[in-house]
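Protein chains in written order, with my numbering: chain A, 1 to 333; chain B, 1001 to 1334.
Just so you know, the hints here were simulated from the structure itself, not pulled from any lab data. Please note: incorrect hints may appear among the correct ones.
To spell it out: a stretch of chain B is covered by chain A in this simulated footprint if at least three of its residues, at any positions, have a beta carbon under 8 angstroms from a beta carbon of chain A; those stretches are [stated by the list, open to error]:
| # | stretch |
| --- | --- |
| 1 | 1135-1148 |
| 2 | 1185-1192 |
| 3 | 1202-1213 |
| 4 | 1243-1257 |
| 5 | 1291-1305 |
We put the beta carbon where it would ideally sit given N, CA and C, even for glycine.
This is what each chain is made of:
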Amino acid sequence: MIRLGIMSFAHLHAEAYVENVRAIPDAELVGAADDDKTRGAHFARALGVRLWPTYEDLLAQQLHGVIVCSENARHRALVEMASRAGVHVLCEKPLATTLTDAHAMLEACKQGGVSLMVALPMRFSAPLLEVRRVLEARRLGEIFCCVSTNQGQNPRRHRDWFVDKRLAGGGAVMDHTVHLVDTLRWYLRSEVAEVYAQTTDLLSGGNGDVETGGLILLTFANGVFATIDCSWSRPASYPAWGGLTVELIGQHGVMRVDAFRQNLTIYPERSPGIHWEYWGSDANQGMIAEFVSAIRERRAPTVTGVDGCRALEVIVAAYESARTGRPVRLRME
Amino acid sequence: MRVAIVGTGLMGGVHAEAWSHTGARIAAFVGTAGAGGDALAGTYAARFVTDLDAVLADVDVVDICTPTHLHAEFTLRAAAAAKHVICEKPIALTVGEGRRMIAACRTAGVRLLVAHVLRFFPEYRLAREMTARGDIGAPAVLRLSRCTFRPRKTDNWYVDPERSGGMMLDLMVHDIDYARWVAGDVVRVFAKAAQTSGRPDEADHALAILTHRGGAISHLEGSWAYPPPIFQTRFEIAGSAGLIEFPGPAPAAIEMHLRGGEGSNHEVQLPRSPLHESPYATQLRAFHEALTSGTDPPVSAEDGLAAVRIARAAIESARRGQPVELDASGEKPP
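Isolated chain A (complex conformation) (with noise of 0.2 angstroms):
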């Protein structure tokens, strides 16, 4: 049995992370803890999970990787303590607020023998997946530029942390850039070279503390250049969350994915309105049993630190180039 435990309920995700370590036949939810008391005795009641008093209480039991969900200036403090404990880690994106904390946390993890995996789950989504083969086979031929969404809801709805600077360490480009970042990398097999972005805190609630809407412009080592929105555009009478697209345009044509695309439409007679339900593969699922199928197999996971602290290194760069309205370049190592 590979036991797993959770550190923090901050981030929503947690709460599918909880289904998904339950549907491996070989993983065991040891339990969770959470240094706000109020939200951990919340989510371990609905959840039906083991609320253990402190990290420390937690970490000593005997466990082999935990899933870190704390606000994300929150992460660094929680890896540490599992590296120190010698225990894998799943860090939710982003892998930090900043590229210090992101560098310690690598080091961290190193030192304590323990693999650093970052929850970026749409190397596992199947229609993306999909596209990597289309790639991969050069069907599409060269490919040129590539046009990317991840858009959503302003995410204060279910964590109010998410629009404290402080706490999340910033807005819509914090939130919202990593997936679409590292998708890109996976696909081109290149590094990003340069970084131009634009926000605006014109959509509503960013509470005059973060920005809600931002364009970001990358032009990538090998030539490609592709632009990412990720604002939080989708109101609240949107039928879904949001969505994740990437438009590809190549030597050979044009191919478009989009992600939660896969759904019903549901039109009730009264509220709460028109929405989608999704009937797509779980990439959450596949991510999740990634982190314990390298942890049985004593290997490193496909996806790991490096990869966050490469989309962390664009988003840096992108509050850079939002403040002083030029093009950064990003040294390349």
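Here the structure of chain A is known, so what remains is to put chain B in place on it, guided by the hints.
Structure of chain B alone, referenced to chain A:
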């Protein structure tokens, strides 16, 4: 009101059909010999001539449907004869030409109406009206996409930057004007362009980010890189209190369009939707009304010039790899 249509290609024919829904009469078509202009003239019982001067005395309005690089010359000739001018978009190949056209028409006391037909497409017009009256709050993030295939005319002036200005000036300019109409003046442009086929310097797929003075941002995609016969337009306007979405074709989890089965004989495609009146007819009725009763049309020559300025900034940005700043009046700093 009597009209001379200059240019007997795709847009000359489209405008002729549109004029037939107004009270105006097409007196003449002006074109090059042997390009089908006489047949077009026959259809509308009009004269066909190869020189505008031969019919200027006989008309009130000159409607210019030529390739872009000829807009300035014909406008100046029409203005010199004190004739009103209707001009296809973009108003001109360069900002300087556009400025001269506006000045000449002002001096001559004639109107200069620029055919930014997107402002007459009902889906675009409705979305702009709803935004302007505050239905979705302040516009914040716009996405405008216009993707079709590379024009394939025998004399393919569209893909010749010397005659059309290239894809961004010919195609993306529609959405540039629309973004400005919805979200206001543009102060910064950053663009990248790719070339998937054709000769060098013929960028056929471009992405641009516009920063509007009021704080909104726009994402523009223009493409001549899609396989025929596709012409897809999509847009959305996200505002502080709601979202308007025109999603284009029914979205699927995966769509793929490969070149090879060249699925149509179209040289150039226009977007189409079943309507009682084509947007081109709506546009010319509005222009006819503006000319007969002196009202302001929903798009001014200055709007047309601003769109060229932004398109030129996007082209320059893509070439230099740097953002281009536009000053308060929309002018580039010296």
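Against the structure, the hints come out as follows:
no. : hint      : result
1   : 1135-1148 : holds (count 8)
2   : 1185-1192 : holds (count 3)
3   : 1202-1213 : holds (count 4)
4   : 1243-1257 : holds (count 8)
5   : 1291-1305 : violated (count 0)
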